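Residue numbers (our numbering), protein chains in the order written: chain A, 1 to 353; chain B, 1 to 475; chain C, 1 to 75.
For the record, the hints were derived by calculation from the structure and aren't laboratory data.
Values in this document were obtained by computation on a predicted structure and should not be read as measured data.
Yeah, the Cβ is synthetic: ideal placement off N, Cα and C, and Gly gets one too.
Where hints are given, some of them may not hold.
Some chain A residues well away from chain B (every beta-carbon gap over 12 Å; in silico) [as the list claims (entries may be wrong)]: (1) P80; (2) A83; (3) G127; (4) D155; (5) N220; (6) H222; (7) L223; (8) E233; (9) C234; (10) Q243; (11) V286; (12) K287; (13) S294; (14) N306; (15) D311; (16) L324.
Result set (SDA-like, lysine to any residue): computed pairs, CA atoms no more than 20 Å apart in a straight line [unchecked claim]: (17) K3/B <-> S20/C; (18) K248/B <-> R196/B; (19) K203/A <-> K17/B; (20) K22/B <-> D7/C; (21) K8/B <-> F63/B; (22) K3/B <-> Y3/C; (23) K5/C <-> S31/C.
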Amino acid sequence: MGKRLMKGNEAVVHGALMGGATHFFGYPITPASEIAHGAAQYFNGSGRFFLQAESEVSAVNMLYGAAGAGARVMTASSGPGFALMSEGLSYLAGAELPAVLVDVQRAGPGLGNIWPEQSDYNMVVKGGGHGNYRNLVYAPYSAQEMCDFTRKAFDMADRYRMTVCILTDAYVGQMMEPVELSGEMTEGEKKPWAVYGDGESKKNLITSIFMDPVLLEQHNRHLQEKYSRVEQECVEYEEYWTQEADFIFVAYGITARICMSAVDQLRSRGIQAGLLRPKTLYPFPVKQIRKLCSRNITLAAAELSNGMMADDVRLAAEGKVPVLHYGWLGGVIPTVDEITDRVVRDLEKGGKL
Amino acid sequence: MIKHAKSKALYDTFERKGTGQKVSHYCPGCGHGTVHNLIAEALVDLGITDRTVFMSPVGCSVFAYYYFDVGNFQCAHGRAPAVATGVRRVLENAVVISYQGDGDLAGIGTAEILHAANRGENITVFFVNNAIYGMTGGQMAPTTLVGQKTLTTPAGRSLTRDGGPIGMAEVMNALKTPVYIERVSLGTPQGVMKTRKAVKRGLSYQVEKRGFSFVEILSPCPINWKMDPGSSRKWITEHLEPVFPVQKFRDVQSGTAAPEVPKQPKVLKGKALLKMLQGESAITELTESAMKEDQFVKIAGFGGQGVLSAGMFLAKGAIAEGLNASWLPSYGPEMRGGKAYASVILSRKQIGSPVVEKPNVLLAMNLPSLLAFEEDVQPGGVILVNSSIIDRKVTRDDVTALYVPASDIAKSGGLIAASNMVMLTVYLAYTGTLQVETIKKMIPQNVKRKEHVEKNLAIVDASIAYLKEQGLLKT
Amino acid sequence: MNYAKIDPNLCKGCRVCINSCPKHCILLGDSINEIGYQYAQFVPGSPCTACGICFYVCPEFGAVTVFKDEEDANG
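Chain A on its own, in the form it takes in the complex (with noise of 0.2 Å):
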């Protein structure tokens, strides 16, 4: 089968649409924008539905109806959009509707720039708005995994009723790579809990208030239920070179693509040095690291943000093993040099050569 040169947010919609997404609402922002121009031009291309909304809050209410009538619905957007549609998360998460938003993430805070950042993590992996909710987060390095999971993203919010967020950053969301357009082609199935506008669905209701505080407790019992069996079922990771490394990187995104590229580098350099990539950021490949822990290693948990995923390597990591915090700000990316060069200083102070 052929392959398709594609920006990241290209691969994003044809995810999508293999992955039975039927509506798309969403506000333009770099370096997000293409996701849009590609499903204006595929989802009305193939009969389905586009539409810009007047702002991220309206697009994301726009999901919550969409969704609720039963559809298989998407939004993207970059941090300061989904910062606006932090809102409407947190009411999908109350009403249990399933909906995949991507957030390509560019450098804040406020209007900040459009080059990477990985400072929306605490935002989408956390959840970000009020209430007790999580979202399943994937994290794609390269134009074939944004395709991969956003597909992939749909069964998974209709499976758990939740949303899915692909957190992603400008480079990915930017970078042409061949992408294979193959696999499984899903669409989504008729939802018992959903409003069709008919008679016989008119019985449900989708909603996020309970006034009783007990129901209510009950309802955030629920959720934490199914956010468990998420931790148990979904998480994802992988590895490159961690047997027996040293040094690990716990890295994802761009970040993760660098850092492989350190790996090379380090162990030709003789240093036994391996990345632990996760690519699922909601659950954290929590029990992998502490495997990890229980060798004598350093790890670096290597981020364009000020320590958020850091936070996360290190309470995985329970004290065991130094984590070192490689992180960057504002747009800047590292170079691979200026990583490696880091590790050998880090080592060296740690007495581990």
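Go by the hints and put chains B and C onto chain A.
Just chains B and C now, with coordinates in the frame of chain A:
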């Protein structure tokens, strides 16, 4: 015989409120119950109860779903028109109602209502305007009258400090798309009967798929107005109606065509969908690459020189010869500033960082690019200089410099814009990274304007001829 | 005879029906209903036309039901 009785569109008992409940949550004399009754009656009259989907807002009517025996959504504050839009675009035959109060619709939700109306969504909006926030206990609303005392305007609303009451029907009337806009009042029994007609009309227009209907209803809030229910109705007539005139603003009469809905193309599924996604530009492997080492290519120039597209062409060619490839653009405002560059990596292995920090190939299309990137090139690398427009020589002696009059060759070939193709051809042929045949096979698929295909092919040949002429082609 | 039936346990005593009835057929009773309101009562024998005004202005659900005399309807 029964002449007027509770509508069948309302539940017999309100189980969502509490087991066996039959009484509403509304305060005595509240207008919401009246409006609910009128909507419920119209749903039955029009025979649309089963296919109705009702948006409950945030505000006193947050629990409307307790009462209506229809499909129900409870929405975030002010967002009901956006949620309704989502529902509308999924359920073609549903009757979608957005029921909102004044804080919801005229305050926090102004963007949502304005744009749903402006899109002409085929929905019906019932806007219950009682000039105060009820649910939160009597604060100023966007429609609160000047001088009206509320908890947040204890000395009365001030026009210059707090703004004035917004006439939402008038705002709606500024848009071209709504088909029906009317303001009615519950101030008198006659007003209630007019409201009954307006409610039914707003719904029937939706059933007829005419478009967006907006019914604003002036409604009493005796508790927060601190009046008895009787006086509150009088207050509507005496104080609200002069500020919010009761009138029909627009009624696109029957016979007028419904707004044209663009016809959706056929729904593609399975193989047909996959075929569309793969498109014509799916790359099939042509031959195995003879590339000697991983290529870290920086192509740089000004916008319009085809820098980004040359990079894409290169990456596609590499894929066609079985290599891995990544392409990273300069993008955003920087691109619009006229500086453009693309980073392309070709490798037999999985590509790690897609960032080309130290290129082993630099295609410098203009002088600033050469100045910017010359120093970054790896020792032993290749720098191609578009000598048609760059006067300067490469200053390093640890790299191979090729001076290619790319713009001139392209111009002679009748296509000045193809200087990128010259640079690419010379680079690939000189280094033996990809076969010239691959480039030629790809041109027809990748050149958008068909009349340019032949010219591009000729320019590739001219580039090869130039290389031979210079004795640079190792054969 | 036409008449309006007011469910004593659904009425919140807002008197809107009382104020609205063109024939003054409804009065506020002295009794308190199970939800704590003094409720409206139809005055038996009053000249009700079954116009439905009381039904339409009532803010409660099913508190008022209006009956029309069959003969009247036929006549």
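Hints the structure violates: just list their numbers, smallest first.
-> none
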